[in-house]
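Undergrad: Read off the chains here:
2 protein chains.
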Amino acid sequence: MSEVKDLSNSVIFPIGDVFESNNFNGTVHLKMLTGKPCPIGNVTFEPGCRNNWHKHPGGQILLVTGGKGYYQEWGKPAKKLHAGDVVNIPADVKHWHGAAKDSWFVHLAVEADASKGSTEWLEPVSDEEYERANSN
Amino acid sequence: MSEVKDLSNSVIFPIGDVFESNNFNGTVHLKMLTGKPCPIGNVTFEPGCRNNWHKHPGGQILLVTGGKGYYQEWGKPAKKLHAGDVVNIPADVKHWHGAAKDSWFVHLAVEADASKGSTEWLEPVSDEEYERANSN
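If you're matching them up, the sequences are chains A and U in order. Position 3 (the first sequence) corresponds to 3 in my numbering; numbering is contiguous. Position 1 (the second sequence) corresponds to 1 in my numbering; numbering is contiguous.
These are calculated hints, taken from the structure and not from any lab test. It is possible that some hints are incorrect.
Same chains, same names: a pair is fine if it fits in one copy or spans any two.
The calculated BS3-like cross-link candidates involving lysine-lysine, where the alpha carbons are at most 30 Å apart (straight line), are [to be verified]: (1) Lys79 to Lys31; (2) Lys116 to Lys101; (3) Lys116 to Lys31; (4) Lys55 to Lys36; (5) Lys101 to Lys36; (6) Lys55 to Lys116; (7) Lys55 to Lys94.
Put together the whole structure using the sequences plus the hints.
TA: Printed below as a string of structure tokens:
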């Protein structure tokens with residue numbers, strides 16, 4: 001129940017519906033707030049949920065509004081994220097993001113340059129990779 | 001003091017320094033969170049502060065994270081804004097935004113298409129126009 005309590009403080013933008021996708025391991029909610037030329041989605045990960053490794057041809061900006069989660073670039077250690085953190089993901093950099101095992105995680109995801117094309121989805125984050133992020 | 005209390009719940013992103021500008025009537029704080037191709041600023045208006053009428057050649061998106069404020073397009077009534085509201089400002093539409101008289105107001109400002117050029121600043125919002133917004 002503590003996770004739900006945490007979320008009550010961090011819901012600013014609409015949570016939206018559950019987003020069904022094979023590119024996420026766990027349950028995620030998505031509400032698109034704007035469309036082109038600058039699509040912004042409010043993304044809410046339930047505890048333990050993360051997305052697969054992926055790349056954005058135009059880059060992406062994460063604006064964290066609540067909860068606790070991780071961002072990891074390929075070949076680097078995961079970074080812990082909480083409300084107020086901003087991640088500037090460069091174009092074509094392989095990465096993943098998602099919630100900690102014990103917390104919801106909410107961020108706005110901004111397509112920095114949507115004209116460059118859509119996300120390239122890759123392999124899932126392994127349990128070992130995810131455990132290592134959570135043990136930092 | 002109530003305004004400060006309100007703000008303590010709405011400070012998510014860094015508040016930044018006071019932004020000195022002749023295009024604002026009152027005290028505003030600005031922290032740029034990202035740069036090109038998708039500049040995002042965290043803008044915090046003190047109570048009573050609003051900007052002049054202006055236009056964005058590439059449009060702008062406001063993501064309200066705290067407090068109470070207004071958005072008005074030329075020739076239309078002002079809209080009251082609070083946390084969770086999203087305003088999609090079309091390119092070249094004359095408008096202003098700012099805090100209510102009795103509340104701080106915090107929003108993220110996203111340049112939807114920064115490649116189109118910079119803001120065109122116009123005349124100040126008159127006291128009469130501002131009073132009318134606050135009396136809605």
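Undergrad: If a hint holds in the structure, say so; if it does not, say that too.
TA: Verification of the hints:
1. Lys79 to Lys31: This pair counts as both: shortest intra-copy Cα distance 25 Å, inter-copy 22 Å.
2. Lys116 to Lys101: Result: close neither inside a copy nor across copies, 33 Å intra and 42 Å inter.
3. Lys116 to Lys31: both (22 Å within a copy, 27 Å between copies)
4. Lys55 to Lys36: Both. Shortest intra-copy (19 Å) and inter-copy (19 Å) distances satisfy the 30 Å Cα cut-off.
5. Lys101 to Lys36: neither (33 Å within a copy, 34 Å between copies)
6. Lys55 to Lys116: So Lys55 and Lys116 pass the 30 Å test inside a copy (12 Å) and across (26 Å) alike.
7. Lys55 to Lys94: within (5 Å within a copy, 37 Å between copies)
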